[in-house]
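Order-wise, the sequence lines are chains V and C.
For the record, in the first sequence the residue sitting at position 18 is 1234 according to this note's numbering, with numbers rising by one throughout.
For the record, in the second sequence the residue sitting at position 155 is 162 according to this note's numbering, with numbers rising by one throughout.
Keep in mind the hints are simulated off the structure, nothing from the lab.
Warning: the hint list may mix true and false statements.
Said to hold, decoys possible - In silico SDA-like links for lysine to any residue, alpha-carbon gap of 25 Å or less:
1) C:K327 to V:V1308
2) V:K1356 to C:A417
3) C:K327 to V:T1289
4) V:K1356 to C:A425
5) V:K1356 to C:D433
6) V:K1371 to C:L392
7) C:K327 to V:S1361
8) V:K1328 to C:R411
9) V:K1356 to C:E367
10) V:K1450 to V:V1432
11) V:K1328 to C:S406
12) V:K1356 to C:G436
13) C:K327 to V:G1365
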Amino acid sequence: MADAMLELRGVHATAGDAPILRGVDLVVRPGEVHAVMGPNGSGKSTLANVLAGRPSVRVTQGEVLWYGRDLTTLSPEERAREGIFLAFQYPVEIPGVANLYFLKAALNAVRKHRGEPELDAMEFLSLAREKMKLVQMDEKLMQRSVNEGFSGGEKKRNEILQMAILEPRLAVLDETDSGLDIDALRVVSGGVNALRSPERAMIVITHYQRLLDYIVPDVVHVLAGGRIARSGGKDLALELEAKGYGWLEQGAGAR
Amino acid sequence: MSALDAARDHFLALHGAFTATLPREPAWLARRRTQALDAFREQGLPHTRLEEWRYTNVTPLAKVPFALAGPPARPVAREDLEHHAFPVFACSVYVFVNGRFAPELSAATQLQCGTRVASLAALRRSDPQRLPAQLARGVEPKRHPFAALATAFLDDGALLHVPRGAGAEQPIHVVFVSAPGPGPAVVHPRVLVLAEPGSRLTLIQDHVSVGNASGFTNAVTEVEVGAGAAVDLVLIQREPDHRFHVSNLAVNQERGSRFSAHSFCLGGSLLRNDASVLLAGEGAECRMSGLFVAGGRQVVDNHTLVDHAVPRCTSQETYKGILGGEARGVFRGRIIVRPDAQKTSARQSNPNLLLGTGAEMDTKPQLEIHADDVKCSHGSSVGQLDPEAFFYLRSRGLSASAARELLTRAFAEEILRALPAPALADALGDVVQGRLSFAREGALA
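So here's chain C without its partners, still in its complex pose (with noise of 0.2 Å):
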């Protein structure tokens, strides 16, 4: 039996012992999740056959005999977290801890502005009834193998409501703490978006790990945006270097609406994202922007998928890597534009900065247009720090180390510049300069 299949009957049996654990729940989340679990029971842990997979193989995942997560061996303090915490911002924190939310840590301030923000477990057993029927609808199980097994595995995570013309400029930060327990542990952590017409919100969905803790993250994001509304979603993914993390977001956007999402890949040896964007309404607007920053022996692999459904729709993205030591990175970019959809909009793009030459870089755009009145492009590249830049920078003074942080961090600056708030830059920035540092270090080693 290979490894994939072990894997598979292991979640499998997880399963078994969760289910009975579960409350009584509505009918229809019943049915997705029986509809997940055997779309995962179908599919496995995909392998490198598949053309989606076809870089990035999850053997290393399929090996770890996880267990499901359960309450952290020494409990998170409040302490434990400040590093994390970004205090330019006055903003509310909603923090789990593997997976389940923690009141303790968590804190909702006045400013924001009407936003409701509930534990989906906390509702699942006090009042199903009012759990929102958008839940477990925005990805497809079928083609999502891991994002099927979160769905069956749905149990905590965040449910973010904003009514109709409510929402504030501040964001919300919402924080999944991975901490150890007795061994290594598979956590499924779960966002969902609601804004209602014309609502906003601007969200920080932040992974982090406190001790060092060893396991999976298999995260799940789905986000509705309403007509006229506007979401600015912030991905940080932040994990030990050992850590395994796969997330899956997918956003469905209405009329006039915008979107946007500022993906950071900063942690975790071998991290898949899939972001998919419907642009379902007319007139709606999606930026989608990627920073991944890996060294050692790391894998970030990105897939993203723009769906332009409707006509006069515009979409812009740019993913940057940077790669050091031998760490791979991998970047496919689809773009499908619908037969009606004309008048859209689209561009792509995705510069790739290689460290050294023990690290490798895999991109791929897609684009699969059907109407003819449209203006798509897209451009990728994968290159060195520019020698003539270089060099200037030398001949003013600077050290060779000190000119290289520089133009490394001048390439990541860009991702940074278009997040919503400067001052979400300026923290964030620090965080980037750490990373980009043992980005560095593997690429000298």
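This is chain V alone, in the form it adopts within the complex (with noise of 0.2 Å):
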């Protein structure tokens, strides 16, 4: 088996100056699609602002480590050049700056932590519509303010265009699938899957079993009142889906 790409010990987390996590396990390896589930405040979103850095939300207690070092001193942006990708539930509109351009910005900033030379605006170009193609994304939106005026399908389509261009090593899809309708589903998850490979891990975060009707994980985990309550394979979901996550809540506030 593989290296350990990421891996969590009995992690600790606060959300501003609530405790969410509360002894997080988990280890993510290169090729990996592992999916975590769970009810609304379990700590899925917490979870993935501990791998992406958020200020408001704090490691309290326990590890984080990546390739075996320390995640948790290295800024949002680090851990971007890292490799670590955040496709957020709420993308931010920001008006005002263009998103070819941000794109281009972030591209290049990844590149050179990498080591290779920054892409001029011509090669970047290229680059960018090849992936527009990938979430059937209209080369119109590109030129518009980031997430500006945009639909909440065209949103979601723009995170995994990012994620596309910027090739993470760990791409952390936080409720992609919500407010999405069934087409604008399948483009998204489309376009997650021609992105899945070897080398590239993903954690995708759901409320629903839906979504992995599309992206098919290899492990499943339900994450309830801050702890992973269970993990398994693929039919995890399913029985999820039957029986709700009523029997494993309780499982976990007994412990």
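Now that you have both chains on their own, put them together as the hints suggest.
Right under this line is the structure:
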């Protein structure tokens, strides 16, 4: 088995002042797709933000290791350059910052870190065009400000486009399926599946089993009460769909 | 004696000497000059007990014994101005050095399509009967002591006359250059725009400096927009950070006319701008946008007044402030809707961005609505960069400083994009960018 890319050992974390994660253990290896499911308030987004380095989320106990190194000391931008990508649950609208300009700046920051030459405007444009096809993104949207006036589906597609361009080693998708109709879900998951590779790992966070029909995970974890209450194969997702989360939450509370 | 009183006496003494140099002039102009001097004598320099000057203390300006600006110690060369030019335009350029027209630095092109540009001083000497009666009529000396002072010292400036139906899309660039003399000097740049019915004009009024000249710029711009005419005015203040700059803009709009002002406050230790627009003819439209970027200990104060005197006029005003260091900003936006001005539409907004804890902003909308069938709105805010957007950019690999720079620029972008020509937005964007760095550095210190 390959060495761990990411390892969480007994991670406790707070969001704002509220304790949310209460001892999460997780090992992710290259090539694996992990699904993290759980009821609202179980800590799914906090887990995503622990990995991306959101300033309001703090690890208070335990270890987060990235190829054996402490991840918590890295700034959000250092994590991004190291190859950690968070697809936001609520992508931010940034009026006045052109999408293409922003993406080029982001890619060049990442490439510089990898020791690769920066792309000029023309090289970047042809790369972006190729990746836009992957998520069926209209080029007009790329000329606009970041996510400004985008529909819910367009925002999520833009997240996957960014992921396709930045080529992360670990992609964390935070409820990428929320707010998507079935066509948009198909496009977005098609984009995600095209990016699956033996070198790349993914953590797919979702409330519903539906997404996992399209993005089939290797492992399914259920987060409840700030801990991973159960882990299993993709059948676990179906079991959850049938039984709901109640039985697991009770179990987590009893511990 | 207070510094303000001493400064008044100093300016009055300067005026005594100045009067001796004046040529004969038409009686109406001599009268306006005298009225302005009287108004200044009566008011003196404004103190902070006046509501209009509550937040801006002019004592630092009053303490400097300015001389009247004369010829520069070293002549200004074309090369000195090159980096201020906008090479994207083949536009006509009219340059004034220390208030005085400099034909050797100016260049007219065929593209100004009938617009006549003249030096007021040349006209006063050679052909005073042809001086337009609108000169010094727009600003009210009793309400603006600095405008009164400027009119008392009225000497040279640019007269832009666009005949009926004439005019071009290409801007005309009027540059007021301050250049060092023997000591700190006061200069009174003046612009009079007469846009006759159906004409059009884009004017860039640009205040720059060479050789780090210290002093005080006290500018007055008067604009008459005839029926159905369209005037776009871009006002750029980019003098060094130790200069004082006060400006008064007075606009009169006739029926169905369109006017836009784009004000960029990008340099000076103390800037105070009063801009007032009188919507005097039905169906007139006015847009005012402003961007002020300040750092260090700069003070930038913008006062605007839009007077809806008649029905069915539209005004839209957006001023944005970006303040770093220990800079202070003031915005006061007054809108008057007169009793007869039904179907008025007036909007105003003043969002401000503070880049540090040392900066301060005072914003005050003031709507006086005396008609009932109107649409008026206003909004102002003072805040920091959006932390969500900041994190989003960083989560894609941009450094904190690059993210901050991008977001700050994005905040300014709306005002740049409102400029009458995209090429101008690009050219001015570089100037703005430089100021943003200055404001941010101050914020980190």
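What's the verdict on K1356 of chain V and A425 of chain C, does the C-alpha distance respect the 25 Å limit or exceed it? Judged against 25 Å, a Cα distance of about 21 Å means the pair holds.
Next pair to validate is K327 of chain C with T1289 of chain V; report whether the Cα-Cα distance is within 25 Å. Judged against 25 Å, a Cα distance of about 37 Å means the pair is violated.
Verify the proposed pairing of K1356 of chain V with A417 of chain C, using a straight-line Cα cut of 25 Å. 19 Å, holds
Next pair to validate is K327 of chain C with V1308 of chain V; report whether the Cα-Cα distance is within 25 Å. Cα-Cα ~22 Å, so holds.
Is the hinted pair K327 of chain C and S1361 of chain V satisfied, with a Cα-Cα distance of at most 25 Å? Holds: K327 of chain C and S1361 of chain V sit about 19 Å apart, inside 25 Å.
Take the C-alpha atoms of K1356 of chain V and G436 of chain C, compute the straight-line distance between them, and say whether it is at most 25 Å. 23 Å, holds
Are K1328 of chain V and R411 of chain C close enough, with their CA atoms no more than 25 Å apart? 20 Å, holds
If you draw a straight line from the CA of K1450 of chain V to the CA of V1432 of chain V, is it 25 Å or shorter? Holds: K1450 of chain V and V1432 of chain V sit about 7 Å apart, inside 25 Å.
So if I understand the rule, the pair passes when the alpha-carbon distance is 25 Å or less; does K1371 of chain V with L392 of chain C pass? The hint holds at about 21 Å.
Within 25 Å, alpha carbon to alpha carbon, are K1328 of chain V and S406 of chain C? 12 Å, holds
For the pair we were handed, K1356 of chain V and D433 of chain C, check the Cα-Cα distance against 25 Å. Given that 25 Å is the threshold and the Cα spacing comes to 21 Å, the pair holds.
Would the hint linking K1356 of chain V and E367 of chain C be met if the CA-CA limit is 25 Å? 39 Å, violated
Violated hints, listed in ascending order, are 3, 9; each of the other numbered hints is respected by the structure.
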